[in-house]
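Asks: Starting from the structure of chain A, add chains B and C where the hints point.
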Amino acid sequence: MVSSVKMDETKLVKSWDKKHLLGIRELSKDEIDIILDQARAFKEVLTRPVPKVPTLRGKTIASLFFESSTRTKLSFSLAAKRLSADSISLSSSSSSILKGESLIDTARNIRAMNVDIIIIRHSSSGVPYILSKVVDCSIVNAGDGTHEHPTQALLDIFTIKEHKDNIENLKVSIIGDIAHSRVARSNIWGLTKLGAKVTVCGPATLIPPKIEQMGVKVVYDIDEALEEADVVNVLRIQLERQQEGLFPSLREYTRFFGINKERLRKAKPGLLIMHPGPVNRGVELSQEVADMKKSNNMPYSVILDQVTNGIAVRMSVLYLVSICKSENGR
Amino acid sequence: MVSSVKMDETKLVKSWDKKHLLGIRELSKDEIDIILDQARAFKEVLTRPVPKVPTLRGKTIASLFFESSTRTKLSFSLAAKRLSADSISLSSSSSSILKGESLIDTARNIRAMNVDIIIIRHSSSGVPYILSKVVDCSIVNAGDGTHEHPTQALLDIFTIKEHKDNIENLKVSIIGDIAHSRVARSNIWGLTKLGAKVTVCGPATLIPPKIEQMGVKVVYDIDEALEEADVVNVLRIQLERQQEGLFPSLREYTRFFGINKERLRKAKPGLLIMHPGPVNRGVELSQEVADMKKSNNMPYSVILDQVTNGIAVRMSVLYLVSICKSENGR
Amino acid sequence: MVSSVKMDETKLVKSWDKKHLLGIRELSKDEIDIILDQARAFKEVLTRPVPKVPTLRGKTIASLFFESSTRTKLSFSLAAKRLSADSISLSSSSSSILKGESLIDTARNIRAMNVDIIIIRHSSSGVPYILSKVVDCSIVNAGDGTHEHPTQALLDIFTIKEHKDNIENLKVSIIGDIAHSRVARSNIWGLTKLGAKVTVCGPATLIPPKIEQMGVKVVYDIDEALEEADVVNVLRIQLERQQEGLFPSLREYTRFFGINKERLRKAKPGLLIMHPGPVNRGVELSQEVADMKKSNNMPYSVILDQVTNGIAVRMSVLYLVSICKSENGR
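Chains as they are written, first to last, in numbering that gives the first Met the number 0: chain A, 0 to 329; chain B, 0 to 329; chain C, 0 to 329.
It should be emphasised that the hints constitute simulated quantities derived from the structure, not laboratory data.
Watch out, some of these pointers could steer you wrong.
Note that the list lumps identical chains together, so a pair holds whenever it fits in one copy or between two copies.
Claimed, not checked - Here are the simulated lysine-lysine pairs, DSS-like style, with alpha carbons at most 25 Å apart:
{"id": "1", "residue 1": "132", "residue 2": "267"}
{"id": "2", "residue 1": "293", "residue 2": "132"}
{"id": "3", "residue 1": "28", "residue 2": "216"}
{"id": "4", "residue 1": "132", "residue 2": "292"}
In isolation and in its complexed conformation, chain A is listed as follows (with noise of 0.2 Å):
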């Protein structure tokens, strides 16, 4: 079965060994190559007329999403079905947390069901990591708190892979509230594992200090993060974040930071732009920048394809953890 997705599946199991995936942070880059490779061959079973593999029949998925989610979510059920695995699903409103039941037991519970993986998103740092230590199954972060989210990250390296020839030395640019978001961390972590020059900016006040000792450069003008990037990935302004006083309004936001297209003129050609999604549209991105095509050599947006590249990766993840499960790793 895994043949039919043509890899070199003794040497993949051979080298990877791990079983959980909690973070980027974690992974060499031997390890992030493993898992895009491993994607890539998966986004070819996706072209197929029937997408599917049998390579996790007979595995149990369990989604544990505790905050509310759509594209992730349904990204992860799609990949799990591309796979034949069989999937339950809790969310917070139906669970027994509800009834005062501690996240482990709930989490010990399900694993007693015989699930082999608990994919799991939670709004504090760290659960992943804890549940990683309290059951036996593997654990993917799915988004924890403000500290990870690797899968984006993941996908987001795969696209930019398809369209760039080498992300060592790529010039990438991630543009907004850094402070706050796991999608920042995570990819400042994979794209400089890889090589890439990632310089962050925002306002000030969502910009945490010591960044620079992650290995980025910190810009406060959105014009300069612009014109040097190859690749430029913006985050999504969580509206919520005003109330705490963190930026002064919207408008200003979009002012100061909103791509639009007369701030892509000095851009470089073929300038990728990306976002995590969902999109405020006319906030971070205007209209037209969000929906640019690739023509010439003109900036355009990429962010569908993220969406697309997304169950491929995510496939990729699941069929690694469950490999590692039955050999030694940790």
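Replies: Same frame as chain A, now just chains B and C:
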């Protein structure tokens, strides 16, 4: 696989060219007949020990229900399972709509996950049409505002055809809140296209002006509407309309328009009693009438047959829109 | 296919004649044994690399949960998947119940969609029984009011049988809010039918009058209940009961009825500690006791085994009620 449901596929594929099902209004008489013929083939499938066909294996269907629904949602869900399609679903509460994403962006994102068919229910008339213009997968309308509910009309007509030899010149009375009913509108379009004589009946405040232009007769006296009918399709009274002052009280509505055994005395033999559900028992239909079984030449209720037939009709629609996708249909 | 789970099908089909599982009270000792034997065969299935059988392929199961539930709902859902059945589910918030449709109409409609088994949880005692009278598919009680929770009792007894040679004359103490517990009632019916000696223990306000008529002994001293027991089944304290004034405070409940290591000193060797979950840690069970592993002849907790066994037991129940449907069973 399609041969296993006995039909002349080539002929069908050649004559069917709709990529979407947005409403009955857009369908020709021949297209309605194709849907119903195909539904008949699928109804036979449902009687098998394993009531499934591999017809849509490898296809992915997304259900987007932005209004509460039990039977329509379950019916589409079962139709998809019977056709071996994969399904994902999204309801308003769990969705990014909460994060302020527009419905169009949500649909585009779902399409980017390689979804083949989007089934949409929405409180605004016209939403399915708009989606059909901005995403390139098939759109199936599961009810939009007060506009259309095409699969309900198709299953109603399918049920009528099971019990009456001919739709041509058949007298169908639709009773209730005609003004706000997408079920009424879709039935009127469908029945008149097939040559039935349609009468609408209800309180004057709930009959839209100029409804006669749709080719129907209006009567305000329930006894008149019943006396001449071969089929009576009784709409659900939306209890919330009462607050809008459109009719004085439930008791008064029931007194003037509720159907009870007494009122059926002068009905034709074999009058078919239909209701899209859920029935307000004791309001638009008396307890007894809702449950009348076929016997001699008495009127009888086919309300549960409508539910059963809904699955076959929806299988037919999902199958037909999917074959067009790979063709040149609009 | 059934031969693949090793059993004497002919004998089984001949002796099993229940179309529904409404409660343990209606079951004979032999019927309980058939369910448990069948569950043992299915438990073996669950250890296979692909833990599935095609036993219910083509059957459709509807879950109607009108009370919140995590583990019971997931457990039934997984049992259905392991048996290759198709499932649909309906919870109170999404349902037409909102539109004022009666539960009976909802069930009839669901049955009209060719559903074979309805699994129902409801806050009113007797609802599963009523449904079994008005719809002609199988009904499985997943907990009704304070009446019965038969699959919980069956999985409890199954778990006891895995650890103790004989149920006959085994001493089982059930601790907690006996008066409001459907788990207690179903366990008492089941255990006494199999010949166990059941003791109930809890605050006087939470012991129903005349409970002795069910064949149990009542004690009010937890130490007495523990000392004589081979098995202790500790119920969850419903925190909301406190507001009804049925016990003075959680702290006081824990002081008099909470089980901690100290209290287990005089317990029999190998005392089995059970709990239907979710556990209020530090209330009815101390942290330590909830997690005690088997070692030497010390008491030990089998709470997670109960969860694992729940799937096998529910597979057994779903399978058995489905074979009867095609027979003459009640």
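Asks: So, for every hint listed, does it hold in this structure?
Replies: Consistency of the hints with the structure:
Taking identical chains as interchangeable, the C-alpha atoms of residue 132 and residue 267 are never at most 25 Å apart, the minima being 46 Å within one chain and 33 Å between chains. Taking CA atoms no more than 25 Å apart as the test, residue 293 paired with residue 132 passes between copies only; the shortest distance there is 21 Å, against 45 Å inside one copy. In the homo-oligomer, the alpha carbons of residue 28 and residue 216 lie at most 25 Å apart inside one protomer (21 Å), although the nearest pairing across protomers, at 66 Å, exceeds that limit. For the homomeric pair residue 132 and residue 292, the shortest alpha-carbon distance between copies (18 Å) is at most 25 Å, but the shortest distance inside one copy (45 Å) is not.
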